[in-house]
Amino acid sequence: MAPTEETPDLDPVRGRAPLILGGHDFPSITRAVCDPLERPTPSGWWLFFLPSLALLSLLGLATGWLFWEGIGIWGLNNPVGWAFDITNFVFWVGIGHAGTLISAILFLLRQRWRTSINRSAEAMTIFAVMCALIFPGIHVGRIWVAYWMLPLPNQMSMCPNFRSPLLWDVFAVSIYGTVSVLFWYVGLVPDLATVRDRARTLLRRRIFGALALGWRGSNRHWQHYERAYLILAGLATPLVLSVHSIVSMDFAVSQLPGWHTTIFPPYFVAGAIFSGFAMVVTLMVITRKAFRMENLITIRHFENMAKIMLVTGTMVGYAYGMEFFIAWYSGNPYEGFAFLNRAFGPYAWAYWIMVSCNVILPQILWWKKARTNLAILFVMSLVVNVGMWFERFVIIVTSLHRDFLPSSWDYYVPTIWEFLALLGSFGLFFTMFCLFVRFLPIVATAEVKAVLPAADPHHGEERVVLDVSKAPVREATT
Amino acid sequence: MSAPLLPQLPAGPCYGALGRFAGPRELLHACERIRELGFTRWDAHSPFPVHGLDGAMGLRASRLPWIVLTLALSGAAGAMLLQWWVHTQAYPLVISGKPLFSWPAFVPVTFEVGVLFGALGAVFGMFGLNRLPMHHHPLFESSTFERATDDGFFVSIESWDPKFDREATTRLLRDLGALDVELVPSS
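Chains A and B, in that order, are what the protein sequence lines are. Be aware that the first sequence starts at 137, since it is given in the working numbering, and climbs by one per residue. Be aware that the second sequence starts at 152, since it is given in the working numbering, and climbs by one per residue.
Treat the hints with caution; some may be incorrect.
Pairwise CB distance ranges, derived in the manner of DEER restraints [unchecked claim]:
1. 228(B) - 505(A): 52 to 60 Å
2. 575(A) - 202(B): 25 to 33 Å
3. 399(A) - 250(B): 22 to 30 Å
4. 276(A) - 206(B): 52 to 60 Å
5. 202(B) - 339(A): 32 to 40 Å
6. 541(A) - 247(B): 15 to 23 Å
7. 245(B) - 549(A): 37 to 45 Å
8. 247(B) - 152(A): 52 to 60 Å
9. 331(B) - 171(A): 21 to 29 Å
10. 331(B) - 497(A): 52 to 60 Å
Pairs of lysine to any residue, SDA-like flavour, derived with a Cα cap of 20 Å [what the hints assert, rightly or not]:
11. 443(A) - 244(A)
12. 249(B) - 388(A)
13. 249(B) - 300(A)
14. 249(B) - 299(A)
Covered stretches of chain A, as calculated for chain B (at least 3 residues, CB under 8 Å) [said to hold, decoys possible]:
15. 294-306
16. 368-379
Simulated from the structure, these hints should not be mistaken for lab results. Fair warning: this is a prediction, and the values are worked out from it, not measured in the lab. Virtual Cβ for every residue (Gly too), placed ideally from N, Cα, C.
Please build the complete structure, drawing on both the sequences and the hints.
Right under this line is the structure:
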């Protein structure tokens, strides 16, 4: 029977369905990944890049006017001192988490399918953290004193308070960004060497030669390299879990009803992975099509990602339910009010958008037909990201706008400048991603080659099949 | 030890012998033989790490974990020390009635900085142990070696290995199944 997407030939070494389809061998993987980098820029790329760049310019506009005029241009009011800025921050940090989950946690769990998507997911992480870092940076208003967030010696007798989760956040997110870049670069080095060795122009050879650091595939190097990769995965795993836990403590450590709950750290981590995988699906559906990588990034990869979205989405749904249960069970009237106000108060529209997008619609992913249908998955990935943005908005704004003192209650409406900053952050994200897919190998070729059956040194050897029926049977003796 | 970032290559008529093998299996078997024959200054090159090759080459376990452990613990200790110093020595302020050295609140930053130092140790320790960056190397002068990052599986035996002999070593690589063998000039 000929191998097809439905009935591929089994991996002769492992006896399981192969991860890479289309009869790829080592050089064909190199070609599939490197050829697009070496061809002239396709016109389709500009179709994505120019609109992204236009959106990015909105970010310049929104932040430029903000720096000139101050945060009075935003719609913030007395009880609602945090809104779009911190919503966007939490949203973007969360997006990044899927990349680290794919590169580190799935590596430790020996999920070999991760190799096709980890490079681009890690790139996504870095760009998402860049977007995230903008918002705490600009929301302080006086951007030129943003360095006060760091414990630097100064003449003002002033130092940040290390007991505050807001300072933990400065450390957590900046270290997360740094470690993500390191991890990504270490993974890139062997592939940069591949691009260097294929380079036909002096400029390419120089640039990629410099970046590849003189990598020559030495096994004495691979030994330390693999150890470093394993350690980085082991460090990044608790790091990524701690980052969103600490982000959640920005809220949970405060006294505000709706924020002050112990479920926040795991709930935020699950939500982060949920939205991050949705973003990976959004990007991969387009990238795979644009670069004709259907055999490297297969339907199986998408189905696996859909399953992770289903699991984490269910966790998020559980957290929504449990918040309500605890609000009632605690007997705390403020907590009870905060949640009734969330679901039926002035921001009920946002709450129900969140529930529809994150809990109700993703139920379709229980069906294999939906998990393997790229059109449905693409739409679902957009729906989930809308839902997850609204989740952060609901948590932040509904808890703030009606605090303990009814006389200070107010309704928050964003201004155009907040919308422009949000759109602009998407511009930054997509611009960076467009540059990435144009100039760097978007699939980790060294890792993908290593999961081919031919990469196993025992490939092609006689397989010892244990067949119990043919084993000699010793007669029982009495 | 000379400067770590410069190649430590003795001058000689040639760098060594380079043989290309058909695949991971052939490379593994060749490496087993070369180790058994007692060569010490040699290496294998492959586009991806070949499973089991470390054992076949007889490499000792990487020392990297010790570098990482040392740095991660120093980073964590340094972070705790910084927070202790800020809150008890430099800026002793009572905030929300907490003790000055309220160490449980210092755990997150301690952990994060420990991870940062560990990760820096893993990356720069790995490059240091591998003596990278090293942008110039005699092997890059070979005409076939660029396949080492694509689909080529190579063994290089350096000319200053005590057992190296131009004719015998070249013949050995051929006997082990190398598809093409060349002598790489010293550069």
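Against the structure, the hints come out as follows:
| no. | hint | result |
| --- | --- | --- |
| 1 | 228(B) - 505(A): 52 to 60 Å | holds (55 Å) |
| 2 | 575(A) - 202(B): 25 to 33 Å | holds (31 Å) |
| 3 | 399(A) - 250(B): 22 to 30 Å | holds (28 Å) |
| 4 | 276(A) - 206(B): 52 to 60 Å | holds (55 Å) |
| 5 | 202(B) - 339(A): 32 to 40 Å | holds (37 Å) |
| 6 | 541(A) - 247(B): 15 to 23 Å | holds (21 Å) |
| 7 | 245(B) - 549(A): 37 to 45 Å | holds (40 Å) |
| 8 | 247(B) - 152(A): 52 to 60 Å | holds (56 Å) |
| 9 | 331(B) - 171(A): 21 to 29 Å | holds (26 Å) |
| 10 | 331(B) - 497(A): 52 to 60 Å | holds (59 Å) |
| 11 | 443(A) - 244(A) | holds (19 Å) |
| 12 | 249(B) - 388(A) | holds (18 Å) |
| 13 | 249(B) - 300(A) | holds (12 Å) |
| 14 | 249(B) - 299(A) | holds (9 Å) |
| 15 | 294-306 | holds (count 8) |
| 16 | 368-379 | holds (count 6) |
In this structure, none of the earlier numbered hints is contradicted; all agree with it.
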